[in-house]
Amino acid sequence: MPMVLLECDKAIPEREQHIYLKVEGEDSRDYLPVSNASTIPGTLSERGCAFCGAKLVIGGVLKDTIQMIHGPIGCAYDTWHTKRYPTDNGHFNMKYVWSTDMKESHIVFGGEKRLEKSINEAFDEMPDIKRMFVYTTCPTALIGDDIKAVAKKVMQERPDVDIFTCECPGFAGVSQSKGHHVLNIGWINEKVGTLEPEITSDYTMNFIGDFNIQGDTQLLQTYWDRLGIQVIAHFTGNGTYDDLRCMHRAQLNVVNCARSSGYIANELKKQYGIPRLDIDSWGFSYMAEGIRKICAFFGIEERGEKLIEEEYAKWKGKLDWYKERLQGKKMAIWTGGPRLWHWTKSVEDDLGIQVVAMSSKFGHQEDFEKVIARGQNGTYYIDDGNELEFFEIIDLVKPDVIFTGPRVGELVKKLHIPYVNGHGYHNGPYMGFEGFVNLARDTYNAVHNPLLKLAATDIRDDQAVRFLEAAE
Amino acid sequence: MPMVLLECDKAIPEREQHIYLKVEGEDSRDYLPVSNASTIPGTLSERGCAFCGAKLVIGGVLKDTIQMIHGPIGCAYDTWHTKRYPTDNGHFNMKYVWSTDMKESHIVFGGEKRLEKSINEAFDEMPDIKRMFVYTTCPTALIGDDIKAVAKKVMQERPDVDIFTCECPGFAGVSQSKGHHVLNIGWINEKVGTLEPEITSDYTMNFIGDFNIQGDTQLLQTYWDRLGIQVIAHFTGNGTYDDLRCMHRAQLNVVNCARSSGYIANELKKQYGIPRLDIDSWGFSYMAEGIRKICAFFGIEERGEKLIEEEYAKWKGKLDWYKERLQGKKMAIWTGGPRLWHWTKSVEDDLGIQVVAMSSKFGHQEDFEKVIARGQNGTYYIDDGNELEFFEIIDLVKPDVIFTGPRVGELVKKLHIPYVNGHGYHNGPYMGFEGFVNLARDTYNAVHNPLLKLAATDIRDDQAVRFLEAAE
Amino acid sequence: MGCEITTRERAGVINPMYDCQPAGAQYAGIGMKDCIPLVHGGQGCTMFVRLLFAQHFKENFDVASTSLHEDSAVFGGHKRIQDGVLTLVRRYPDLRIIQVITTCSTEVIGDDIEGNIRYAEEQIAKEFPGRKVYVVPVHTPSFKNSQVGGYSECVLSTWKTIAKEKVAPTGKLNIFPGWVNPGDVQLLKHYAKEMGVDASIFLDTQDFDSPMLPDKSIHTHGRTTVEDIRASTGALGSLSLARYEAASTVDFLKKEFDVPGHTVSSPYGIANTDAMLRKISEITGKPIPLSLVEERGVAIDALQDLAHMFFANKRVAIFGHPDLVIGLAEFCIEVELEPALLLLGDDNTRYKKDPRIVALKERVNWDMEVVCNADLWELERRIKDDPKKYDLILGHSKGRYVAIDANIPMARVGFPTFDRAGLYRHPTMGYRGAMLLAEQIANAMFTHMEYVRDREWILNTW
Amino acid sequence: MGCEITTRERAGVINPMYDCQPAGAQYAGIGMKDCIPLVHGGQGCTMFVRLLFAQHFKENFDVASTSLHEDSAVFGGHKRIQDGVLTLVRRYPDLRIIQVITTCSTEVIGDDIEGNIRYAEEQIAKEFPGRKVYVVPVHTPSFKNSQVGGYSECVLSTWKTIAKEKVAPTGKLNIFPGWVNPGDVQLLKHYAKEMGVDASIFLDTQDFDSPMLPDKSIHTHGRTTVEDIRASTGALGSLSLARYEAASTVDFLKKEFDVPGHTVSSPYGIANTDAMLRKISEITGKPIPLSLVEERGVAIDALQDLAHMFFANKRVAIFGHPDLVIGLAEFCIEVELEPALLLLGDDNTRYKKDPRIVALKERVNWDMEVVCNADLWELERRIKDDPKKYDLILGHSKGRYVAIDANIPMARVGFPTFDRAGLYRHPTMGYRGAMLLAEQIANAMFTHMEYVRDREWILNTW
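Going down the list, the protein sequences come from chains A, B, C and D.
Per full-length UniProt numbering, residue 1 is the first one in the first sequence, and the count goes up by one each step.
Per full-length UniProt numbering, residue 1 is the first one in the second sequence, and the count goes up by one each step.
Per full-length UniProt numbering, residue 1 is the first one in the third sequence, and the count goes up by one each step.
Per full-length UniProt numbering, residue 1 is the first one in the fourth sequence, and the count goes up by one each step.
Keep in mind that the hints were calculated from the coordinates and are not lab data.
Even for Gly, the Cβ is constructed at its ideal location relative to N, Cα and C.
Treat the hints with care, since some could be wrong.
Covered by chain C, per the in silico footprint, the following chain D stretches (three or more residues, Cβ under 8 Å) [stated by the list, open to error]:
1. 149-162
2. 210-216
3. 302-310
4. 415-428
5. 436-442
With a cut-off of at most 25 Å between alpha-carbon atoms, the simulated DSS-like pairs for lysine-lysine come out as follows [claimed, not checked]:
6. D:K389 - B:K130
7. C:K189 - C:K144
8. A:K316 - D:K384
9. A:K270 - A:K330
Partial list, derived from the structure: chain C residues whose beta carbon lies under 10 Å from chain D [claimed, not checked]:
10. M195
11. R296
12. V358
13. S397
14. F418
15. M435
16. E456
17. L459
Whole structure, please, built from the sequences with the hints as guidance.
Structure representation (structure tokens):
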């Protein structure tokens with residue numbers, strides 16, 4: 001009985017298909033949780049919407065691009081100040097959101113004029129910016145505004161600007177994952193190949209599916225620089241709009257997050273024949289393996305070994321200090337999807353941590369295949385976990401730390417369980433060698449926080465005893 | 001009966017001789033308050049000590065000089081963070097105090113060795129600083145430490161340093177005024193003439209008795225620059241130790257604060273024949289008059305007129321805006337001494353303010369002569385006023401604003417009277433044309449503070465009325 | 001000199017000040033006990049609003065979604081409403097209130113909210129005989145109004161659904177503070193206690209600042225119960241402290257149940273707090289006690305230390321909820337700060353006629369602008385044009401980068417204030433709130449003086 | 001790794017951490033009602049200390065001087081003591097306590113304080129029959145100890161003078177918090193109230209934060225009365241919260257009047273506050289109520305948001321009063337801050353053997369220094385040598401320029417804190433104090449991140 005019906009799910013028995021407990025001896029391939037399926041209404045799931053999958057996760061990372069959201073104000077307001085992807089040009093991407101601020105009359109009479117005006121205003125107000133993404137949202141999709149036509153019109157009138165349109169309203173698909181797909185496919189079909197890059201190295205690649213969370217991209221870039229590899233486009237961490245138009249010229253596509261960006265890598269292979277190489281950037285062993293694979297592709301193995309050696313010399317001792325102190329700690333991972341499989345084995349190998357429960361918001365079948373393959377026995381693998389399930393799972397596996405978002409972090413805090421920000425990190429970057437030491441440090445600090453012990457104390461507890469003693 | 005025995009002074013009738021009420025028709029010269037006399041113990045006077053008169057008021061202003069206080073820790077601690085005299089080199093003078101931290105054993109066995117060690121340490125720790133003042137304090141004076149001998153020894157051993165010693169313990173004299181005197185005379189006798197200045201203008205002067213409170217000196221310096229007059233030494237606002245050694249080379253001594261620094265001007269006249277010219281730097285009419293006098297001395301009247309004209313054009317309108325709104329307001333001045341006579345007529349002439357009571361901490365006879373000559377009828381002139389007297393005077397004259405220190409400001413606040421910082425200013429500088437507009441602005445803001453009206457309201461007051469109305 | 005009232009001229013918004021209506025409705029929903037709002041729309045409409053609350057309060061709040069997908073866009077979302085409500089009722093046995101909050105999409109689709117609620121209620125009655133769950137229809141299309149109106153709408157709808165009959169007189173006073181912080185709720189309770197007034201704070205969000213307890217119990221939700229709401233019809237009066245967030249429910253209680261309705265200016269600053277206490281005294285017949293006179297005196301004493309020395313002639317830009325912005329402007333004038341720009345962030349046309357705005361307009365003798373339907377770009381652009389235009393910014397954290405990039409001191413106030421620790425815990429209302437805000441403003445200015453080395457030495461002694 | 005305990009090696013002091021003994025004695029004196037301390041020394045010894053109090057509290061406090069001059073240096077200051085006392089008694093009809101506080105000069109001169117006091121008392125008896133004024137000899141030569149010892153000495157001497165006999169049991173608990181802020185006194189009163197304990201806070205300095213009142217009355221002085229002091233001999237126990245500031249008077253009450261004496265670590269941080277409450281519970285037999293469990297939980301909840309995310313691995317330099325510094329170091333460890341430098345600012349040799357210091361020494365697994373008899377140059381020099389040595393400074397405002405010039409965030413705590421508004425008003429002790437201090441630390445760090453543009457974007461969501 002590796003599929004689990006939790007107590008709290010008695011009223012929604014279909015949830016049994018989404019929760020898997022890996023058991024020794026059984027063939028886990030028979031028991032893949034159902035994933036990428038519609039959420040049961042009213043379950044307090046953790047999922048976001050397709051729009052945010054496109055805007056917030058991928059498009060909004062770009063450092064030189066206006067993100068015009070065609071809809072009521074909330075879609076803009078809500079996808080602002082929620083992410084931690086800095087840029088090397090002052091974080092333009094995190095400072096602004098743009099909205100057409102749709103009102104009832106535009107719903108009734110159509111919002112294309114308003115969109116056109118908003119686009120022009122935005123370019124006028126920010127004259128240094130020449131690139132834009134335009135997104136539909138639920139109501140503008142429902143009323144059928146033709147945002148492509150508007151974008152085209154503006155581009156004709158303003159030859160110095162370029163606009164990409166993304167039509168994935170919040171109700172599309174079952175989760176943010178749909179937005180990743182729409183944006184990937186749209187971009188490859190409409191924008192890749194429309195600009196030629198300057199080639200400065202014999203070795204060129206795109207780095208795909210890394211969003212520069214707390215500087216991940218910038219840290220890894222120091223490796224590529226040392227290896228002499230030119231990254232033509234970062235999809236999309238610290239990236240620019242025009243770099244992404246040049247993706248067709250790379251010799252290799254290196255993919256970190258296959259879930260958000262595998263589509264474009266596949267298309268680049270299909271349309272341009274560029275090979276796809278998947279690596280893991282989190283964890284010492286994985287990172288070293290990734291560097292080796294890339295260097296092998298380019299035939300620069302010795303450079304890779306030198307880099308790895310230098311990095312190990314610098315960071316391995318620190319990692320081991322933490323490993324010694326984290327050995328045997330139990331961790332839960334409740335994040336989007338791929339990080340489950342990126343992390344479960346790397347924290348086990350590099351830090352001696354046991355991952356006891358994982359919940360994915362928007363992982364697909366291939367993600368669960370990977371994570372179950374890499375994960376341990378006795379661990380719960382959950383698709384689209386909800387709040388009551390989280391409580392029950394915590395009771396079952398008693399994790400010492402949970403990698404999840406800040407809100408859920410606040411929730412589990414009440415249960416005296418510390419969290420580490422599994423989306424935006426506590427104090428990153430977490431990728432690469434240095435980054436994984438950061439992850440280890442944050443985990444150590446979370447687990448060894450003296451407040452947890454204090455929180456568990458009821459200061460009234462020993463009163464009876466004390467009164468007795470006092471009376472003696 | 002122009003000398004006044006207040007109700008609160010019935011137990012100390014000698015205070016009658018210190019409080020004068022100027023009355024129409026009487027010859028005020030017959031009724032000068034007794035001043036510069038010993039304070040009655042236990043009266044809660046506002047006076048400080050001679051040590052602070054030297055260290056805090058004059059010596060500590062210098063921007064390049066260590067102020068070594070030979071005594072227990074309090075004398076250093078207490079004369080630190082109490083003044084607002086910035087410098088153009090980063091406020092070294094306000095950031096540090098130095099103490100020999102005398103302990104009982106040094107009291108018993110003598111503190112000269114400790115002083116020597118402390119001096120050397122201070123120079124060692126701050127190698128960029130080569131100048132020092134050394135002060136005795138009450139206990140080191142009482143045990144008879146020879147600080148001059150120690151200073152001499154150090155100067156022999158460290159030829160690049162120069163040290164000035166000032167022997168005025170806190171118990172010397174009746175107030176801080178004694179310290180001004182000791183420092184003035186000591187400096188002229190020991191240091192003036194030991195260095196020659198570089199002369200860069202045909203017109204040279206010392207500016208004496210201005211301590212750069214909130215940038216006074218720096219503001220006035222812009223005038224001297226525009227007039228082409230070289231200021232050889234500022235005694236001591238924003239000044240340097242070595243500049244003060246060159247005072248003998250000025251053609252003219254311009255004195256603002258005669259109380260703290262008249263002595264040195266007189267000695268410079270006696271010993272070097274440099275003429276002394278007293279001016280007032282606060283107030284439009286006074287400042288203009290002062291500039292005219294200085295320019296007349298140098299024969300550069302037209303430059304002076306141009307300056308005055310430019311400044312009037314720039315600031316007079318602003319002054320008048322405030323004058324219109326301050327007309328008839330009643331002000332009390334409770335400060336050190338000279339500001340009483342500097343301000344009483346200037347606020348009357350320039351702002352239409354009536355000064356209704358003045359108390360001087362350490363003014364001498366000549367100060368009271370001046371202030372009573374310049375002051376109005378119906379005004380109280382008080383020497384060394386104390387707290388109960390302040391309360392009573394406030395009841396008598398009901399001032400709208402009091403120019404005094406922050407502590408007394410906090411006291412009168414409870415009586416719903418705003419204060420303006422008469423020592424360190426609220427938001428200065430206050431000297432010069434721009435400065436007097438600042439003074440006007442701060443006075444206006446003090447007097448028109450809506451909180452004063454709110455403070456006077458008892459929110460319970462109209463309850464009876466309201467309950468009645470409600471019942472109807 | 002003088003005050004100009006304008007409206008944003010651009011069509012688009014760059015950096016909005018308010019979230020949309022459903023967000024405000026959700027904020028109201030979490031203020032009640034045994035209640036989980038159910039947002040009928042895309043999942044993002046819930047997920048990000050829950051995150052927003054967590055950013056501000058550092059707490060998790062429960063809000064559910066109907067998880068609208070394409071099929072609902074085509075065939076309607078009826079089933080998802082019904083399933084959502086029933087799933088909640090089934091899995092949360094203590095649940096007593098569910099607000100069904102509509103969004104832009106479901107309003108465009110035109111789902112029959114009331115009909116589906118009726119159906120769900122029938123199901124509940126069948127499945128859980130004897131259990132009463134109030135399912136509240138809350139119509140908050142995102143393309144109307146803003147979080148401000150959404151909050152008001154959800155409170156009103158909940159009252160309409162639960163407060164069905166006039167109960168016997170309770171002797172209590174209903175106080176509707178609007179969208180405020182737990183610190184404000186605690187302050188109001190404290191005032192009521194000092195005055196001996198039995199007050200119900202609607203909504204009682206004190207536990208939005210909730211503890212970690214040894215028994216691991218979770219109390220992060222409003223304290224306002226079904227019983228409290230029902231009892232409000234028997235109160236001796238209702239007091240609205242927020243024209244745009246609270247007045248509608250006060251009016252409802254007046255019209256439907258003859259509960260006398262009162263409105264005062266939002267109690268920001270001394271005079272507004274005076275007026276509130278006097279009004280409470282008038283309604284209840286309870287005198288204002290000495291303790292509050294003293295508390296007031298401590299606040300005035302603290303303000304007086306700062307006003308003419310540090311605050312006078314400082315030009316302030318203020319943005320946030322309309323009642324807060326207006327109240328803060330009034331407070332500013334009390335402490336000699338000059339409100340120079342007020343930004344009100346939605347298309348409510350009543351602001352221009354708000355008597356408080358009119359009074360401000362008549363009162364100021366400096367340049368002042370009130371911009372309606374404003375976004376934060378209005379602020380940023382003015383500063384770009386004239387970097388010295390403002391000396392201080394008062395507003396919520398969404399405007400933080402304007403202050404950071406322009407190097408202008410900013411005191412965080414309102415909602416959300418995610419970039420400072422603990423602010424939600426302290427009141428802004430009342431005497432204490434005025435004092436704490438002034439302290440925060442002063443300390444922001446002082447810190448600024450230090451970082452830019454601008455007369456920081458003046459703080460050595462003042 | 002490990003903790004080193006050293007002593008300042010220089011003879012001289014650059015930027016002292018503490019004022020001299022008479023300053024501390026004056027601070028104690030103003031904590032009593034109908035009391036004006038009379039400082040026997042130069043006028044500066046009073047004037048600047050009064051200014052210091054005003055800098056910190058933004059209030060005026062009454063302290064008198066004997067205005068020592070040269071003649072006294074030669075002939076002795078007898079007359080000035082007598083005149084000073086009598087002038088005070090004559091002009092202040094409500095006056096009941098006068099501490100005659102010696103200074104360096106009058107101790108060197110060797111004036112017979114006790115003799116002169118006897119003489120003055122005789123004069124008072126003659127002139128004001130039936131009026132009792134306690135004239136307290138307080139020997140506080142400036143060349144011994146520091147303000148810390150002076151505070152302790154003045155409290156002890158006052159008790160010795162006034163608490164002359166054992167009164168009937170009062171059922172009260174004496175709490176001696178040491179030199180703390182009005183906010184701390186209010187906190188302790190609140191705790192006592194919640195526990196149903198009738199406590200006397202010695203000294204009760206709540207009104208050091210005093211109001212502007214409509215009647216213009218002035219209440220800026222301690223609330224501790226002659227009666228309170230007398231009644232302390234009948235208390236069911238005394239609790240010292242500060243080893244170096246309060247323990248001596250607790251010992252006196254024990255030795256002279258058999259009042260059971262108790263000492264706990266100063267209640268900074270959670271665990272120390274736990275210990276204090278448990279001790280109070282133990283002494284009084286009153287249980288700790290749920291309300292304090294909840295208050296504690298709110299504080300822990302707030303701290304938990306900050307500790308491992310922002311505080312962990314941050315190296316902290318701490319200076320100030322010894323009990324405060326040690327308590328703050330213990331608090332730091334609770335929230336994952338690493339105390340790296342503790343500065344204790346006088347020549348008290350007992351610090352090195354303080355069990356709390358010994359425990360810290362055993363506990364830390366990072367580099368830590370404790371410098372005794374330190375000045376602020378010890379801090380500044382270390383930073384000049386290694387600008388990255390500390391990430392945070394905790395201390396009073398006398399050290400502000402170290403932080404400003406080295407660009408290190410600093411939270412102001414202790415005495416004096418004149419460069420921030422309102423700090424004295426809030427507690428540092430107790431759960432709430434720990435929480436507020438953590439908020440202040442976090443907000444200082446956050447502001448710093450913004451001004452130096454160091455990952456300030458992380459605050460968008462945490």
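Unsatisfied constraints (hint numbers, rising): As far as the earlier hints go, 1, 6, 7, 8, 9, 10, 12 are violated by this structure, in ascending order.
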